[in-house]
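J.: So the protein lines, in turn, are chains A and B. Just remember that my numbering sits 4 ahead of the position in the first sequence, which is counted from 1. Just remember that my numbering sits 33 ahead of the position in the second sequence, which is counted from 1.
Where hints are given, some of them may not hold.
[As the list claims (entries may be wrong)] As a list, the in silico SDA-like pairs of lysine to any residue whose alpha-carbon atoms are at most 25 Å apart: (1) A:Lys234 <-> A:Asp187; (2) A:Lys116 <-> B:Arg184; (3) B:Lys194 <-> A:Gln89; (4) B:Lys200 <-> A:Arg139; (5) A:Lys111 <-> B:Leu275; (6) B:Lys215 <-> B:Ile230; (7) B:Lys194 <-> A:Asp187; (8) A:Lys111 <-> B:Ile197; (9) B:Lys277 <-> A:Phe135; (10) B:Lys205 <-> A:Ala136; (11) A:Lys138 <-> B:Ile278; (12) B:Lys277 <-> A:Lys116; (13) A:Lys20 <-> A:Ser48; (14) B:Lys200 <-> A:Pro80; (15) A:Lys20 <-> B:Arg119; (16) A:Lys20 <-> B:Arg122; (17) B:Lys277 <-> A:Thr98; (18) A:Lys138 <-> B:Leu275; (19) B:Lys215 <-> A:Trp96; (20) A:Lys20 <-> B:Ile230; (21) B:Lys200 <-> A:Ser112; (22) A:Lys20 <-> B:Lys200.
[Claimed, not checked] Now the stretches of chain A that chain B is said to cover, found in silico as 3 or more residues with beta-carbon under 8 Å: (23) 59 to 66; (24) 104 to 110; (25) 115 to 127; (26) 221 to 230.
It is worth saying that the hints were derived from the structure and are not from the lab. These figures come from a predicted structure and were not determined experimentally. Ideal Cβ placement from N, Cα and C applies to all residues, glycine included.
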Amino acid sequence: MSDYMIELRDVTHAYKTDAGPLPVLDHLSLQIPENRFCAVVGPSGCGKSTLTRLVSGLMRPNKGEVWLHGQKVTSPRPTVGMAFQNPVLLEWRTILQNIMLPMEIVKSPMSKAQATERAHHLLDLVGLTGFADKRPSELSGGMRQRASLCRSIIHKPDVLILDEPFGALDAFTREDLWCTMHDLREEEPFTCLLITHDLRESVFLADQVIVMSDRPAHAQYVLDVDLPGKRTLDDLYTVQAVKMLATLRHEIQVAQGRATAADAPDPHVPDPHVPDRQVPDPQVPDPAPGQRGDKSTTPGALQ
Amino acid sequence: MNDTTRKILAPIIAILLVLGFWEWAVWYNDLPNFRMASPSDLIPAFVRYWDLFLIKSWETLWRTVVGLGIAVIVGTLIGMVMGFSRLAREGLYPLLVGFNAIPKATVVPIVALMFVGQHDFNTILIAFMISFFPIAVSVSIGLSTLEPEYRDILRSLGASKFTIFWKIALPKTLPEFFGALKVAVTLAFIGTNLMEIVSPHGRGLGDLFDSGRISADYPLMFAVLLALAFLGILLFYVVVFLEKIFAGWAERGQS
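In isolation and in its complexed conformation, chain A is listed as follows (with noise of 0.2 Å):
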C-alpha cells in the first residue's frame, strides 16, 4: 500500500534504439500526496514525457515501480485524466462531444444528462459559455486547450496529467489559463501532475517543484512552494517568488552542467540584501504595470 495518490519508487527505464539502449530515468522515486499539485521541470529530453507515459500506465518501466491511489500500475486507467500540448480535438466533433468522449469509455456513476451538465459546467468555468456546439475549428489556440483541459477532468479523474499543456500558447493566453487552473482546483481538488519547461508556470501553479536532472534523470531537486492562500499573476513578481525562480533556474542549470552546486543563491540573505539587482525594490513590492526599468517583472528576465 501507499499513503500517496502518486508514488513512483526507483524508476529506471530506457528506449530501445538501434544504436542500443537509451537510458532515460535513473532511479527516479517521488511521492505525491493527493490534492497536491506537483510540477516537473528539467532540461530539454530529460525524460519528463516519458514520466507522464508511465504514471498513465501506457508505458511500463524497465524496473521499478509506479503506484497510483495504493494500486501498482500495470495498465491504463480510467481515473487518469490527460492533457497535452497538442489539444488533440476531434475535428469531426463538437466541443461538447469532444468533453463528453472520456465518458464513452469509462464506466461512470454519472448518467448522460449529468455528465453533459458537468461538461457545460466545465464550460463555463473556462470561459468557453456558448461554445458547446462549435467545431473545433472554430476556436483559437487557447481556447481549444482550455476545451482540451475539459475534456481531461470531464469523468473526475482522481490524477490529472498535464504534458505541457500550455507550451505551444502566447504568454498572456498561458496566464490567463494559468488562474483557469486555480479556478478548476478550487473548484473541485485534484492531484496534478504538470510537466511543464516554465518556470514561473511551476512557481505560480504548483505546491511542489520538482527538478530532474539530465538524462538518464532523477529527482535533482525539490521545491515546496509556500504561497498560502488563492494565487495572483502579481504574487510572481514579489521578492519570495522571484527568490524561488532564481533558485529553480540555478538546478536547471546544475542539471544543465553550466552551474555546480557552489554557485547556488543564498537563501539566507534577508529580503533587503537580495543580491539580485533585477529583484524589486522590496518597499514596493507590487510595482506598477510597464515601470521602466524594472526589468524583473518580463518573463525572459527570470528565465
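Using the hints provided, position chain B relative to the given structure of chain A.
T.: Chain B only, in chain A's frame:
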C-alpha cells in the same frame, strides 16, 4: 444570385457552352458524321434507342457499383492492414504498385478466359481491380499518419484497440477515403467498359457502343459516350453527397 441557384446554374451553363461549341465546331469544319457527330445528331439516336439506353445503362451502372463496393471493402481492409503494420506496409507496397501498373486492358482477355461465360462476374472483377488501389493507399496513409496523441487520449483511459479505431482512426481517415473514392468512381467505369468492349458479351453500354461501331451508326457511338459521362457524373455526385454527410466537418468555410 444566391448560393443554391449558383451551384445549380453554373454547371448547367458550362455544359451548354461546351455542347454549343461542339455543335459549332462540327458545323464550321463541315465534318461528316463518321468523323465527328454533332450534339444535334445525337438526339435522334437517343430517341430511337431510348429503351436500349435504359437497359444497357442499368447493366453498366449496377456492375460498376458492385465492383466499386467490393473495391471499397477490399481496399479499406488492405489499407487497414498496411496502415497498422509497418511490416505489411513494407511488404505489400511493391506488390500493389506492380499489380496496379499492369494495364487492365491486358488483363481483360485473361479474365475472360479464366472465368469463361461469367460475364457479370468478370466485369465486376475488372471494375474492382482497377479501382481498389487508390482506396487502399489513401486509407493506409490516413491510418499510418495518425498522431500518437490521438491514440493516447483514448488509450490512457483504457480503451480497446477497436474503440480507438472506431472512434478516432476511422473518422479521421474519412476525408482521405472520400478523396480516393472520387478517383475510384471514374476508374470503376473504365473497368466496366473495358470488359464490355474488349470482351463483347452483349451487355452494358459498351455493347451498345460496339453495335454502333459494327453497324456504322456513328451518332449512336457518340450518344453512348454522352450516356457514360452522365452516369459518371451521377455516381460522382452520390459520393460527394455521402462525403458531405460523413466527412463534411473536414470542409473549412471560406474566409
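J.: Take the hints in turn and mark each one as holding or not.
T.: Going through the hints against the structure:
With a C-alpha separation of about 9 Å, the suggested pairing of Lys234 (chain A) with Asp187 (chain A) holds against the 25 Å cut-off. Of the supplied pair hints, the one linking Lys116 (chain A) and Arg184 (chain B) holds, its CA atoms being roughly 24 Å apart against a limit of 25 Å. Restraint check for Lys194 (chain B) and Gln89 (chain A): the C-alpha separation of about 23 Å stays at or below 25 Å, so the hint holds. For the hint linking Lys200 (chain B) to Arg139 (chain A), the alpha-carbon distance of about 17 Å falls within 25 Å, and the restraint holds.
A C-alpha spacing of about 33 Å is found between Lys111 (chain A) and Leu275 (chain B), which places the hinted pair above 25 Å, so the restraint is violated. A hinted pair counts as satisfied when its Cα atoms are at most 25 Å apart, and Lys215 (chain B) with Ile230 (chain B) qualifies at roughly 24 Å. Proposed proximity of Lys194 (chain B) and Asp187 (chain A) is contradicted: the alpha carbons are some 35 Å apart, above 25 Å. Between Lys111 (chain A) and Ile197 (chain B) the CA atoms are separated by roughly 16 Å; this keeps the pair inside 25 Å, and the hint holds.
For the proposed pair Lys277 (chain B) and Phe135 (chain A), the alpha carbon gap of about 23 Å is at most 25 Å, so the pair holds. Taking the CA atoms of Lys205 (chain B) and Ala136 (chain A), the gap is about 21 Å. The hint holds against a cut of 25 Å. Taking the CA atoms of Lys138 (chain A) and Ile278 (chain B), the gap is near 17 Å; set against the 25 Å cutoff, the hint holds. Only pairs whose Cα atoms come within 25 Å are accepted, and Lys277 (chain B) paired with Lys116 (chain A) is rejected, the gap being roughly 28 Å.
For the suggested pair Lys20 (chain A) and Ser48 (chain A), the alpha carbons sit about 19 Å apart, so the restraint of at most 25 Å is met. A threshold of 25 Å between alpha carbons decides the hint, and for Lys200 (chain B) with Pro80 (chain A) the separation of about 18 Å falls inside it, so the pair holds. For the suggested pair Lys20 (chain A) and Arg119 (chain B), the alpha carbons sit about 17 Å apart, so the restraint of at most 25 Å is met. The straight-line distance between the Cα atoms of Lys20 (chain A) and Arg122 (chain B) is roughly 22 Å, inside the 25 Å bound, and the hint therefore holds.
Between the alpha carbons of Lys277 (chain B) and Thr98 (chain A) the distance comes to roughly 16 Å, so the proposed pair stays at or under 25 Å and holds. Restraint check: the Cα-Cα separation between Lys138 (chain A) and Leu275 (chain B) comes to about 22 Å, which is no more than 25 Å; the hinted pair holds. For the hint pairing Lys215 (chain B) with Trp96 (chain A), the CA-to-CA distance comes to about 21 Å; that is within 25 Å, so the pair holds. Between Lys20 (chain A) and Ile230 (chain B), the direct Cα distance comes to roughly 58 Å. Violation of the 25 Å bound is thereby established for this hinted pair.
Of the supplied pair hints, the one linking Lys200 (chain B) and Ser112 (chain A) holds, its CA atoms being roughly 19 Å apart against a limit of 25 Å. Note on Lys20 (chain A) and Lys200 (chain B): the hinted pairing is violated, with a Cα-Cα distance of about 30 Å set against a maximum of 25 Å. Counting residues of the stretch 59 to 66 of chain A whose beta carbon lies closer than 8 Å to any beta carbon of chain B gives 3, which reaches the threshold of three, so the coverage claim holds. Here the stretch 104 to 110 of chain A counts 5 residues with a CB under 8 Å from a CB of chain B, which clears the bar of 3, and the coverage holds.
Counting residues of the stretch 115 to 127 of chain A whose beta-carbon sits less than 8 Å from any beta-carbon of chain B gives 0, not enough to reach three: the coverage restraint is violated. Residues of the stretch 221 to 230 of chain A with a Cβ under 8 Å from some Cβ of chain B number 0, which does not satisfy the need for three, so the listed coverage is violated.
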